[in-house]
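Visitor: If you want the building blocks of each chain, they are given just below.
2 protein chains.
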Amino acid sequence: MSIIRQTCTPASLFSGDRFSVTYRIYGSEQEARAKAGDICIEQTVEFPADEVPEGIIRDQVFGRIELFERFDRESFKAIISYAIEITAGELTQFLNVVFGNSSIKPGIRVEHLDLQESLLKPFKGPRFGREGIRKLLKIPKRPLLCTAIKPMGLSCRELADLAYQFALGGMDMIKDDHGLTDQCCSPFEERVKRCADAVNRASRKTGRPSLYIANITAPHSEVMKRARLAKNAGAEGLMVAPGIIGFDLMRELADDDSIALPIMTHPALQGSFVTSRNGISHGVIFGQLARLAGADATIFPNFGGRFSFSREECMDIAEETSIPMGQLKPIFPAPGGGMSLDRVPEMLETYGQDLIFLIGGGLFKHGPDLVENCRYFRQMIEKI
Amino acid sequence: MSIIRQTCTPASLFSGDRFSVTYRIYGSEQEARAKAGDICIEQTVEFPADEVPEGIIRDQVFGRIELFERFDRESFKAIISYAIEITAGELTQFLNVVFGNSSIKPGIRVEHLDLQESLLKPFKGPRFGREGIRKLLKIPKRPLLCTAIKPMGLSCRELADLAYQFALGGMDMIKDDHGLTDQCCSPFEERVKRCADAVNRASRKTGRPSLYIANITAPHSEVMKRARLAKNAGAEGLMVAPGIIGFDLMRELADDDSIALPIMTHPALQGSFVTSRNGISHGVIFGQLARLAGADATIFPNFGGRFSFSREECMDIAEETSIPMGQLKPIFPAPGGGMSLDRVPEMLETYGQDLIFLIGGGLFKHGPDLVENCRYFRQMIEKI
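Heads up: the sequence lines are chains A and B, in that order. Using the numbering used here, the first residue of the first sequence is number 1, and each one after it goes up by one. Using the numbering used here, the first residue of the second sequence is number 1, and each one after it goes up by one.
The hints are simulated quantities; they were obtained by calculation from the structure and are not laboratory data. Incorrect hints may have been included.
Because identical chains share one entry, a pair is satisfied inside a single copy or across any pair of copies.
As the list claims (entries may be wrong) - Taking lysine-lysine pairs in the BS3-like style, the calculated list, with each CA pair at most 27 angstroms apart, reads: (1) Lys-231 with Lys-135; (2) Lys-365 with Lys-105; (3) Lys-329 with Lys-205; (4) Lys-193 with Lys-205; (5) Lys-193 with Lys-329; (6) Lys-141 with Lys-329; (7) Lys-225 with Lys-124; (8) Lys-135 with Lys-121; (9) Lys-105 with Lys-383; (10) Lys-138 with Lys-193; (11) Lys-383 with Lys-365.
Please construct the entire structure, taking both the sequences and the accompanying hints into account.
Guide: Laid out in structure tokens, this is it:
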């Protein structure tokens, strides 16, 4: 007899609602089947299955293989469902159930999340989404143009001067580089104030909205403070790297009615999830999880740039930014990294019109006048 | 002429102090050299290097290759230094500088951090460390024994009953399973109160201290609240998964004088950093970063168990838990996962006496009486 006898937890605590996770599992069919079985235990009770008696723990708490089939020559697809109750309505515990311990096992990759209404209920998701951002910018249809203020090492005045030129040249969104936090050369409060002022000044001059997006990736207790400082200084968007601050802190930021600014995510420190056979698919981490945690736009490296994402991987992200997910709004994919003019047609074909072109260094390389370079890109985008 | 002219940032803002990161870079010598050069830019200014004029940004802000040599047949070792000022004294920005964008590039792995006093100054690190935990338990020398309360699905009473038996059997540390958060079958507050009571009751009976360690991995705004609830309920330690809540929130928890309990880390969701050629070494993520962020003990899967770490990888962790890092105390390695009796001699040889044996399912499999099983393991450890 096992030491654990039947639990007195009433079955009525479980609604029967289950969400499911599609895993891609590498190995032979036999290995993959065994791994799928392991996942059902590892991600839930993490306890010897043969020590768990018949009853509610087996019936409700264990993960359940809903489908197992060949994925491709070297891997299998397993759809595993979990009782929504085991996530406790917490994004943190949801992440743990989806991939916590399995992240430590080679050859297991989360490919897709299938989240029904009752699981999604506690999550507000993106406050703005694609439509909300388009409304702020008064741009109903064309792709948006975004650039980054850098390099680190410039003073606040110099960074603000760049921001001004970007806005004057017609960039729709102007974000801090993700490496700008609160360094001595450009302290957060002064930088954000000067940059917001500069963008708003230029925007009045052009008569067209430009959003200044402040990077508030910061120590835990600073994030909300910096969000408020940025808002008060006139920033019209916020950027965070959820790989650094955690997805749940971004969710809290998105949910806060006193802040209520669009949020962009930066992929820093998330790459290791997508660069091997163990991990989380591009679409899930940069699409579904970003949305679930309240991002309005998701930055990721474009294919063919100096990073290594393939066109298919980028299409996967684009798809998951708008796939139906209950009440959660579709968000903007914001591919960046090594973007240049000649890439535009191919990018439109890949992403469609609902995208944010993120262009950085390219704006500096096009010609000697930054404002003119921005205008050039802007006109090009307007012709689309 | 480049658009960026010399910055007016005064050189006096930079102390000249630099910390360094050892990267392992895969590829041919030529590729690896190019990648090392890229890292210097990617992790700092993320800007076309040829657009940055001579002067302070190049001299101070750019990463600098301090050493480049062959690592093994397929990879190279590059030690790259960064000005401490670019981290702004923030753990979040430190992580970003070490590996933010490079995490998105294949074949780059952080192998070791070399952090001098001036960088470490803002970090308090572990409050207890090895010595502090030994003092709480009054065990000067032998390895410690830890187990986990599970499976999820049991009621609070049932979990507390297990906790009682563990403590009666002489387990030094009794932690929540990392999947127990605030589920309907065992809500946080009730569970922690019952478990802490049970462990303290048993501990009075045996006359030997046992620490109950509450899992407070939770949504961002709940973590500190649960830490306080746990402390008030009588818990004597806390567990978090920094892969889920973020390293910096753990740091804040460790630094909070009103909480002041030992902290264990759980590796959930961190596995993808160590399972491929892209990532962070076992020693850095489970050793150095855990310490920097204030953990007193670091849980990771033992070699030869149901996870995939090798003995060498585990030795790397053990080494980094005690390698000199300024004022930061050495912490306990806590290898777990599939531990059994016959593994003990090999584990002692690998880790030495300063370790926490984490045993879970094995305690349930040894015999039909849980208290007796615990006593058996305890006696065995006392003989060491």
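Visitor: A separate judgement is required for each hint: does it hold in the structure or not?
Guide: Cross-check of the supplied hints:
In the homo-oligomer, the alpha carbons of Lys-231 and Lys-135 lie at most 27 angstroms apart inside one protomer (18 angstroms), although the nearest pairing across protomers, at 48 angstroms, exceeds that limit. In the homo-oligomer, the alpha carbons of Lys-365 and Lys-105 lie at most 27 angstroms apart only across protomers (23 angstroms), although the nearest pairing inside one protomer, at 44 angstroms, exceeds that limit. Taking the closest pair of Cα atoms, Lys-329 and Lys-205 never come within 27 angstroms of each other, the shortest separation being 32 angstroms inside a single copy and 57 angstroms across copies. In this assembly of identical chains, the alpha carbons of Lys-193 and Lys-205 lie at most 27 angstroms apart only when taken from the same copy (18 angstroms versus 62 angstroms across copies).
Proximity of Lys-193 to Lys-329 under the C-alpha cut-off of 27 angstroms is found in neither arrangement, the shortest distances being 30 angstroms within a copy and 40 angstroms between copies. For the homomeric pair Lys-141 and Lys-329, the shortest alpha-carbon distance inside one copy (17 angstroms) is at most 27 angstroms, but the shortest distance between copies (57 angstroms) is not. Taking the closest pair of Cα atoms, Lys-225 and Lys-124 come within 27 angstroms of each other both inside a single copy (22 angstroms) and across two copies (22 angstroms). In this homomeric assembly, Lys-135 and Lys-121 come within 27 angstroms of each other (Cα to Cα) only inside a single copy, at 26 angstroms, whereas the closest approach across copies is 46 angstroms.
Taking CA atoms no more than 27 angstroms apart as the test, Lys-105 paired with Lys-383 passes in neither setting, with 49 angstroms inside one copy and 34 angstroms between copies. For the identical chains of this complex, Lys-138 and Lys-193 are intra-copy neighbours only, at 24 angstroms inside a copy versus 54 angstroms across copies, given an alpha-carbon limit of 27 angstroms. Taking the shortest Cα distances, Lys-383 and Lys-365 sit within 27 angstroms of each other inside one copy (22 angstroms), while across copies they are farther apart (70 angstroms).
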